[in-house]
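Chains A and B, in that order, are what the protein sequence lines are.
Using my numbering, you'd call the opening residue of the first sequence number 1 and step up by one each time.
Using my numbering, you'd call the opening residue of the second sequence number 1 and step up by one each time.
By construction, these hints were calculated from the structure, which means they are not laboratory data.
What you are looking at is a predicted structure, and each value in this text was computed from that prediction instead of being measured.
Hints are not guaranteed to be accurate.
Each pair may be met inside one copy or between any two copies, as identical chains are not told apart.
[What the hints assert, rightly or not] Cut-off 20 Å, straight-line C-alpha distance, at most; resulting in silico cross-link-like pairs (SDA-like, lysine to any residue): (1) 63 - 86; (2) 56 - 104; (3) 75 - 5; (4) 75 - 47.
2 protein chains.
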Amino acid sequence: MAEETVFDFIHMEAVSYVFQGEKVSEDEAVSKLEHMGFATGYRLVERLTRESGRYKDELDIMKYICKDLWVTVYKKQIDNLRTNHQGVYVLHDNRFRLLTHMANGKQYLQYAPRYLAFTCGLVRGCLANLGVTCVVTAEVTHLPACKFQIQVQRG
Amino acid sequence: MAEETVFDFIHMEAVSYVFQGEKVSEDEAVSKLEHMGFATGYRLVERLTRESGRYKDELDIMKYICKDLWVTVYKKQIDNLRTNHQGVYVLHDNRFRLLTHMANGKQYLQYAPRYLAFTCGLVRGCLANLGVTCVVTAEVTHLPACKFQIQVQRG
Numbered sequence: 001m002a003e004e005t006v007f008d009f010i011h012m013e014a015v016s017y018v019f020q021g022e023k024v025s026e027d028e029a030v031s032k033l034e035h036m037g038f039a040t041g042y043r044l045v046e047r048l049t050r051e052s053g054r055y056k057d058e059l060d061i062m063k064y065i066c067k068d069l070w071v072t073v074y075k076k077q078i079d080n081l082r083t084n085h086q087g088v089y090v091l092h093d094n095r096f097r098l099l100t101h102m103a104n105g106k107q108y109l110q111y112a113p114r115y116l117a118f119t120c121g122l123v124r125g126c127l128a129n130l131g132v133t134c135v136v137t138a139e140v141t142h143l144p145a146c147k148f149q150i151q152v153q154r155g
Numbered sequence: 001m002a003e004e005t006v007f008d009f010i011h012m013e014a015v016s017y018v019f020q021g022e023k024v025s026e027d028e029a030v031s032k033l034e035h036m037g038f039a040t041g042y043r044l045v046e047r048l049t050r051e052s053g054r055y056k057d058e059l060d061i062m063k064y065i066c067k068d069l070w071v072t073v074y075k076k077q078i079d080n081l082r083t084n085h086q087g088v089y090v091l092h093d094n095r096f097r098l099l100t101h102m103a104n105g106k107q108y109l110q111y112a113p114r115y116l117a118f119t120c121g122l123v124r125g126c127l128a129n130l131g132v133t134c135v136v137t138a139e140v141t142h143l144p145a146c147k148f149q150i151q152v153q154r155g
């Protein structure tokens, strides 16, 4: 049951370490975590997809993120995937692991972006490695639920 | 096969992030990683040992570290545990996960301590939570083999 907690705890430490830096603004810290996530995702997906085949299309890649990748990292699948079929994908996670450690109160909601930044980067890094350039943002709906929005950059 | 790689990669990112800091000396950076490991280990062992019983004695706790904890975090057991029965324990890992990513050349050996610091802290944090105060140091014998020395602080 506890294999996943090593990742959870080192992630928490990384967040707290990045935000401890005295001369780092909130934006810079979020961006550093996003960058750590990107590098992690980029390398991780290389390892994970080594033996699997090619993906049919963009939607197929998104399904891979929602299922295989999410299970590997967060031990559950994304609950809901929506798309406008024009390059925007919204992934709903009704119980996002890295938010479950947070106390459930409005005063803590302001800190939620810190716990989403790494994952935004992770998704962006995975997709970059699979040939999809995109911008990934996240939003907390109500703790510990959140959604990740992927905006594919074309051309 | 790949569940463990998430931890490996976020650990690599944490190492590289901590050492990127411009005004941070090598010693400070190692100490920061050790601290991150301590916090991770302290909380992790709390989660892991919630359902298990008490440990008979100090040696029993060390065996727990070498077996259960090591398997959870590094997917293998410690290869060899030695003690002088006076509070010194030496744990040999013949193929330490976090060193397997490193290129095998003498010129890289100098960077090995960066990849051991988190784990020294992890072991110290676990033991602290289990009531054993100690100092943990590590040494690379030849990549990717290394040994961790635990010196229990009495009284």
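We went through each hint and held it up to the structure:
no. : hint     : verdict
1   : 63 - 86  : within (16 Å within a copy, 56 Å between copies)
2   : 56 - 104 : neither (40 Å within a copy, 38 Å between copies)
3   : 75 - 5   : both (11 Å within a copy, 14 Å between copies)
4   : 75 - 47  : both (18 Å within a copy, 17 Å between copies)
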